[in-house]
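Whole structure, please, built from the sequences with the hints as guidance.
Below are the chains, spelled out letter by letter.
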Amino acid sequence: MTALLAMIRRDIKIALRVGGGALIGVLFFLAVVVLMPFAIGPDLALLQRLGPAVLWLGALLASLLTLDRLFMADHEDGSLDLIAMSRTPLEFACAAKALAHWLAAGLPLVVATPVLGLLLNLDGSASLAIAATLLVGTPALTFTGMIGAALAVTLHRGGLLMAVLVLPLSIPVLIFGVAAAGAAITGPVSFGTPFQILCALSLASMVIGPFAAAASLRQGLD
Amino acid sequence: MTALLAMIRRDIKIALRVGGGALIGVLFFLAVVVLMPFAIGPDLALLQRLGPAVLWLGALLASLLTLDRLFMADHEDGSLDLIAMSRTPLEFACAAKALAHWLAAGLPLVVATPVLGLLLNLDGSASLAIAATLLVGTPALTFTGMIGAALAVTLHRGGLLMAVLVLPLSIPVLIFGVAAAGAAITGPVSFGTPFQILCALSLASMVIGPFAAAASLRQGLD
Amino acid sequence: MTLGPYASFIVWSYAVCALVVAILIVWVALDYRKQQAKLRALDAAGVSRRSKRNAAEVS
Amino acid sequence: MTLIDLANPTRFLKLTERLLPWLAGLTALLLAIGLAQSALAPDDYQQGATVKIMFVHVPNAWLSMFVWGIMSLSALGTLVWRHPLADVAAKAAAPIGAAFTFLALVTGSLWGRPMWGTYWEWDARLTSMLILFLMYLGLIALWRAVEDPSRAARAAAIFTLVGAINLPIIKFSVDWWNTLHQPASVLRVGGPALDKSFLIPLLVMAIAFSLLFITLHLAAMRNEILRRRVRALQMLQAAEQQGQLRSGAL
Amino acid sequence: MRLTGRGLRCVRGGREVFADLDFDAVAGEAVAVVGANGAGKTSLLRLIAGLLALAGGSIALEGGDSELTLPEQAHYLGHRDALKPSLSVAENLIFWQQFLGGEPADAQSSLAAVGLGHIAHLPAAYLSAGQRRRLSLARLTAVKRPLWLLDEPTSALDAEGQAMFARLMTAHLESGGLLVAATHTPLGIAARELRIGGAA
Amino acid sequence: MRLTGRGLRCVRGGREVFADLDFDAVAGEAVAVVGANGAGKTSLLRLIAGLLALAGGSIALEGGDSELTLPEQAHYLGHRDALKPSLSVAENLIFWQQFLGGEPADAQSSLAAVGLGHIAHLPAAYLSAGQRRRLSLARLTAVKRPLWLLDEPTSALDAEGQAMFARLMTAHLESGGLLVAATHTPLGIAARELRIGGAA
Ligand code: HEM
Ligand SMILES: Nc1ncnc2c1ncn2[C@@H]1O[C@H](COP(=O)(O)OP(=O)(O)OP(=O)(O)O)[C@@H](O)[C@H]1O
Ligand SMILES: Nc1ncnc2c1ncn2[C@@H]1O[C@H](COP(=O)(O)OP(=O)(O)OP(=O)(O)O)[C@@H](O)[C@H]1O
Ligand SMILES: [Mg+2]
Ligand SMILES: [Mg+2]
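Chains as they are written, first to last, in our numbering: chain C, 1 to 222; chain X, 1 to 222; chain S, 1 to 59; chain Y, 1 to 250; chain F, 1 to 200; chain Z, 1 to 200.
The hints are simulated quantities; they were obtained by calculation from the structure and are not laboratory data.
Among the hints, erroneous ones may be present.
Chain Y regions said to be covered by chain S (calculated; three or more residues, Cβ under 8 angstroms) [said to hold, decoys possible]:
no., region
1, 46–58
2, 95–102
No farther apart than 30 angstroms at their CA atoms in a straight line, the calculated lysine-lysine pairs in the DSSO-like style are these [said to hold, decoys possible]:
no., chain 1, residue 1, chain 2, residue 2
3, Y, K196, Y, K171
4, C, K13, F, K144
5, S, K34, Y, K196
6, X, K13, Z, K144
7, X, K13, S, K34
8, X, K13, S, K38
9, Y, K14, S, K38
Pulled from the structure, derived: some chain Y residues nowhere near chain F, Cβ distances all over 10 angstroms [claimed, not checked]:
no., residue
10, T16
11, D123
12, L167
13, A206
Bear in mind the structure is a predicted one, so any value in this text is a computation, not a measurement.
Where is the CB? At the ideal position from N, CA and C, for every residue including glycine.
As structure tokens, this is what we get:
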């Protein structure tokens, strides 16, 4: 337990120092949100309709951009060797790393969502609903992305290959995240069902992710 | 000249080997294009309207995902020291690296665009027009992104910080890229003007990018 | 046999299937030839019989 | 897995050598019968002649899932028993599975246009199939990206097992969400709800396609074994040259 | 306590590095693994540490804690020093101490023992090569483990650092520890030699 | 040819590392920079190579090519070895040769000279620590430069490798080259000592 807490604390510390603090995550999110109107064109109704999609894409992007170094950095400096040799099961260590990553990179996005909702012309309750979907959904992105990060170490490969492996796995999260968020705004479909599925996806990925990642890392040691 | 050619050849080789080949870039692009309908919702007319934006976002994403290691990898293994000491001016070396990156990561996207256009319900001439905008526009993404990559080395920072620095710089490219592509499809605005601006942006970034990056790298040596 | 108003869709389905299956068959056959040729070249280069046994074990 | 017991690659090669012609012949025969039967099958009272697309669409759709299932079993063989033939089986199956998935998607789209009025709809069945196709492509990319075959095999095995979660989603997507795609009418509890005049050609085609898969898979596995043999021999050749260089240098 | 390897075979990247290697290490005695570049010294240490899969043979630790696996009772000190540049010297050490399960009290004294007490607050990015190496060595004393696996531990250390490290090793051996070190230069303590790959 | 430094001052991370350092190196003579860990040996080499900004003083190379700056006439061999793991041994060397401007013909002989001729086709990721170091050394002979700046060049080399490297250095000095090496162990050739930071 001390070991896992130490791991979480260390990873958060590094993420905040190297990434430039939690604010950078929020700033990135802001940049994505500001970017969208330029890509789509300045149509307010359309923007509002696409609001949840934009926020979810931002979250996906942020996780893709930061996850690929999750294990690679530890592998390159030799930390992974020591972690694999330690008395803490590798599955738990992986889970701790993913949790730390989510706390440093995912949570700030969730917190910033209500503010950014204003920019996208969303009203208060819709923003809160989207924040809720992000809160339960982004862990799924982190924990599935973790599998890709571990495979990257095993394969000694990086770059887009990881994204190609991870994207299909994160499509369901995106679908139900946007569906739930969209339901909260426009409302014909019920919010509950996709939201529950989102929760289920998160829980499932929290179980499968660490095991798959640990298995992959064990295979990849050399 | 030999030196620059050698640099380009090396970087392409590494990009293809580590990233898993040019095909991976195309595959990534495909995944992004497939992803969009999930985020946006299954509305074919809307999809068609957003087609250029989706393709441009895919290109932006691919460059963001791969650019951050452009100089960092060379810095970490000490190559950058030798490059800085060499007889090749650092500006040219930077330009060569960016060119190699574009050849390995940008060009495949351009080539794949006509095929992906089919998925987005775009007709042949529209796809070709978008491919043309990507062809002249993606170098601008690479050459402005390079500045961020160089700053990342100077600041000893990575992750989202770089994206935050690069995104504002790439907004103009995105605007005119999407505008030109949109004009080619729907046609009320003329295609020529935004396209020319796009060309101008690319040319300007090809001049400014290497100088800014080299200056930043010189500051960052230690 | 009449295929009705949607004949082209039916024909296309079968045609695409035939094409893809044909590609698969050709790919497998060509790959086989290529590997055989490489093995023969290696044999000609005189990689010894003993090492061939080892190679079989390694693979 | 019929092949796992043939532990020795050399034995496997000998056996496939003898088996392949017979398998190929049988496949061709069954395909001919199946095609003839599907040509003679009556029109559906609802769907008209387009029901003929079913005879290629459904076998391809089944096989696309079945192949991923085979690869998952091979993945277990790779991870648990570390059997080299399991690596070979998984690697050889991926492109074939991708081809079947592609065909299921294309024939489905071609069927969807007359039936639903659209080539493509983002519903659960179609989407999960597309994800399957993307995962096949990702898997092939993964195999191709790494030269060291055993390293690639272990990573691919893990990815395959994680991706296997998609199979039940594809299968039950029509039950869990109301979609355009029709629910299971052959593989379902309570027996098939399909008329004999359609069921028999469909089953014949399904068996023919399965045989086609087995034939292609065995041939591709043979190629892969040969490829590894070539690689190992090349490495031995390099090692021999190294030995000569060493003794020359010292 | 006794560490034995029997009939070890190592394959890396499809090429055999060594085969049929036997070795013994007993408590209180240092084993120095020597051999030419590329002979397989690092590979042997990683095999023992469980970081490489054995292609043949077996490794066993007799007399250790039967509840723990071999790697869990070992320290591995490789070329890569498992330091995070953005954390301070003290933070780096304290993390490993907590993660590997030592008492947090003596991080400062471990740092002082390797001569880094005065720069505990500096980020690890600021360290010189020898200082980084010293910081890795501090891990050995901050967390108690009976088996030390050391890969060229004295590289980058100055003369005073090598003497300091020799004292650390002696103390470890005297307290009944085991020690296997791959090295090209003398370790500074008496050690039994294990040669890999003939006198190249 | 003659390399001189006068009144050098080095500041890193806001802390002064050394000040008022003078040194001379003349052609045909090796200078061994010695000193305790953290004394500033690496920093001095990086100052000379132009990879660190001088906080004071000046460095000049007399008798070199007047068209080229000092760094352009120097080889710098640091702890980080500037190798790309995904390229083969030969590809790595040939790249540096082409980029730094040597004749492409002799890559193979440079590799043979450092004892890597037989593994030229292996990816650099497969190399052991000593083999990596040898590959970096190959750069020194593959591209001709009058000034060699070497940071602990013998670390990770086996005895045979150290002897090989001593021969390389001797040949370089005999052909009128300059050589400044930071080191904790004897270089294997006669060298003038430059001590930084007192007898720590
Ligand atoms: C691109 C579009 C399509 C895709 C990806 C697709 C995919 C699939 C899949 C994966 C199966 C196997 C399901 C299972 O075994 O339970 C299947 C079966 C089937 N599909 Fe499609 N399909 C598509 C379009 C269509 C269309 C347009 C029709 C007809 C209107 C259709 C009719 C059927 C039928 C009748 C079955 C057999 C179901 C059974 O008997 O279990 N499909 N399809
Ligand atoms: N990147 C850096 N930023 C700030 N300070 C640094 C940096 N690198 C080294 N230092 C500091 O500068 C001083 C000299 O470091 P340097 O690497 O030159 O020492 P050295 O003599 O090479 O030591 P060693 O024998 O350990 O290699 C050290 O006190 C170190 O803490
Ligand atoms: N990651 C790897 N993949 C494949 N082969 C490797 C790998 N690392 C090392 N090898 C090969 O294994 C052999 C032994 O390497 P090892 O690192 O164990 O040597 P070593 O005795 O430690 O050498 P050194 O004295 O240079 O450190 C070498 O021939 C090397 O080429
Ligand atoms: Mg070693
Ligand atoms: Mg130093």
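Hints and how they fare:
1. 46–58: Holds: 7 residues of the region 46–58 of chain Y have a Cβ under 8 angstroms from chain S.
2. 95–102: holds (count 4)
3. Y:K196 - Y:K171: holds, 23 angstroms
4. C:K13 - F:K144: holds, 26 angstroms
5. S:K34 - Y:K196: Distance of about 46 angstroms is beyond 30 angstroms: violated.
6. X:K13 - Z:K144: With a Cα-Cα distance of about 26 angstroms, the restraint between K13 (chain X) and K144 (chain Z) holds, given a limit of 30 angstroms.
7. X:K13 - S:K34: Given pair K13 (chain X), K34 (chain S) holds - Cα atoms ~25 angstroms apart, limit 30 angstroms.
8. X:K13 - S:K38: holds, 25 angstroms
9. Y:K14 - S:K38: holds, 19 angstroms
10. T16: holds, 24 angstroms
11. D123: holds, 45 angstroms
12. L167: The claim holds: L167 (chain Y) sits with its nearest Cβ about 30 angstroms from chain F, beyond 10 angstroms.
13. A206: holds, 41 angstroms
Checked against the numbered hints given earlier, the structure breaks only hint 5 and satisfies all the rest.
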